[in-house]
Amino acid sequence: MSAPAATDDAKSTPPASAGAATTATTHDGPAGAYEDPELLHKLADTVRRTMKIRNGVLQETRVDYFKGTKLIKYLTTDSLSKADGKLPSVASEEQAIAIGNLLLRAKGEDGQPKYFIRCDKVKPRILELTTKQDYEELGYYAWIYEGSQTLSNFMTFLIIAGFLAITCFPIWPHFLKVWLWYVSVTLLSFMLGFLLLRFLAFLFVWVTGYEFWFLPNLFDESLSFVDSFKPLYSWEKSPPGQGIYRASLVLAFVAFVYWAYSQPTEFDSLLTAQKQFMHDLYEGNLLADVAQSDKDNIDKPKAYPSYEELLRESELDLAGTDSLSDEERGDSVIDSLLGEDEEEEAADAAQDRKAAATAEEKEEGG
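Mind the numbering: the sequence shown is residues 1 to 366 in our numbering, read in order.
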């Protein structure tokens, strides 16, 4: 009676064994669960979106790149779990290297690399292609995968909408034009004031022998928009041999303070003129001098005569010549044209006679 029981157990065992074998086959590899292409793609999307990268140039094209150790550190620390807690964790550096090889060798539908390629760094931020296509800690890798394009498409839409809005500026309502003027003037004033304070802070610290810059990379064109605001400030010791320049700056500052103290009227006039300038700037008094009526009616269309009015005027002009023959009508047109020329010649002759009379009076007086 025991044989049938054994047979029943044998019948129930194979499905579990098959499932276990399937699981082992799916995750059996150095990359673990990331042997699955879909899970690998999710990992690549998360890494592309959250891992810090650098900007460089590869074949005269701006690219984002990273060093091999950067990805290994990102995968083996808690950075991955903070970015996406649903993704499986990476247990070791060996598994991270295996994942890097999978990402490096992945191909797209066109047979080209899908995520990134390996490069050599020949100069700071200058890359070139290499024949080595193995993932190593000391290698450099340039991203090909751009990630989700939702934000990029939205920004493109904003650029197009902004361009169309600017081209339609002549038909903007008057209040929008006034708001745009206020915003532009405010931003310009803020930028000039910020740069002035930034430079004055540098000068005051530089006198003490140090160089302090707030947002030191603000005007570095080789950096991206976000990187130009990093670091927040820099503090370095000034190179030797600048003592005479510091002393000159101190003397100039003392002279300015003495002038402001001894000539309060002139200094107050300077402040008053500055305030008046800002007031005129916001009120639009520094714009081109035009009539107030033209300013008020700038958005109103100009009144031009209609086609019917032009026809009516031409009929009135021809009404006086209807009784004339064709020859007389032609002579009238010629006489009117010659009359205008004769009037101009008469005016020129009168001006010449006046000039000659003035010259004769001067000679007689001499």
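Everything labelled a hint here was simulated from the structure, so no lab data went into it.
Predicted, not measured: the structure shown is a model, and the values here were computed from it.
Treat the hints with care, since some could be wrong.
Said to hold, decoys possible - Straight-line distance between alpha carbons at most 25 Å, and here's what the computed DSS-like set of lysine-lysine pairs gives:
{"no.": "1", "residue 1": "LYS121", "residue 2": "LYS107"}
{"no.": "2", "residue 1": "LYS230", "residue 2": "LYS52"}
{"no.": "3", "residue 1": "LYS114", "residue 2": "LYS70"}
Said to hold, decoys possible - Cβ pair distances, simulated, as ranges:
{"no.": "4", "residue 1": "SER269", "residue 2": "VAL57", "range": "29 to 35 Å"}
{"no.": "5", "residue 1": "GLU137", "residue 2": "GLU109", "range": "53 to 59 Å"}
{"no.": "6", "residue 1": "GLU109", "residue 2": "PHE225", "range": "30 to 36 Å"}
{"no.": "7", "residue 1": "SER81", "residue 2": "GLN274", "range": "52 to 58 Å"}
{"no.": "8", "residue 1": "SER89", "residue 2": "GLU137", "range": "34 to 40 Å"}
{"no.": "9", "residue 1": "SER89", "residue 2": "SER224", "range": "53 to 59 Å"}
{"no.": "10", "residue 1": "LEU249", "residue 2": "TRP179", "range": "38 to 44 Å"}
{"no.": "11", "residue 1": "LEU271", "residue 2": "LYS230", "range": "32 to 38 Å"}
{"no.": "12", "residue 1": "LEU232", "residue 2": "GLY162", "range": "50 to 56 Å"}
Even glycine gets a Cβ: it sits at the ideal position worked out from N, Cα and C.
Hints versus structure:
Of the pairs offered as hints, the one joining LYS121 and LYS107 holds, with about 24 Å between alpha carbons and a cut-off of 25 Å not exceeded. Annotation: proposed proximity of LYS230 to LYS52 holds, straight-line Cα distance about 13 Å (limit 25 Å). Annotation: proposed proximity of LYS114 to LYS70 holds, straight-line Cα distance about 19 Å (limit 25 Å). Between SER269 and VAL57 the CB atoms are about 53 Å apart, so this pair departs from the stated range of 29 to 35 Å.
Range check, GLU137 to GLU109: about 30 Å between beta-carbon atoms, so the 53 to 59 Å window is missed. A hinted range of 30 to 36 Å for the beta carbons of GLU109 and PHE225 is consistent with their spacing of about 32 Å. For SER81 and GLN274, the Cβ-Cβ distance of about 56 Å falls inside the hinted range of 52 to 58 Å, so the restraint holds. For SER89 paired with GLU137, a C-beta distance near 20 Å fails the hint of 34 to 40 Å.
Hint check: SER89 to SER224, Cβ distance near 31 Å, so the stated range 53 to 59 Å is violated. The beta-carbon spacing between LEU249 and TRP179, approximately 42 Å, falls within the hinted interval of 38 to 44 Å. The beta-carbon spacing between LEU271 and LYS230, approximately 37 Å, falls within the hinted interval of 32 to 38 Å. One distance hint, 50 to 56 Å for the beta-carbon pair LEU232 and GLY162, is violated here, with the actual separation near 30 Å.
Consistency with the previously given hints fails for numbers 4, 5, 8, 9 and 12, ordered from lowest to highest.
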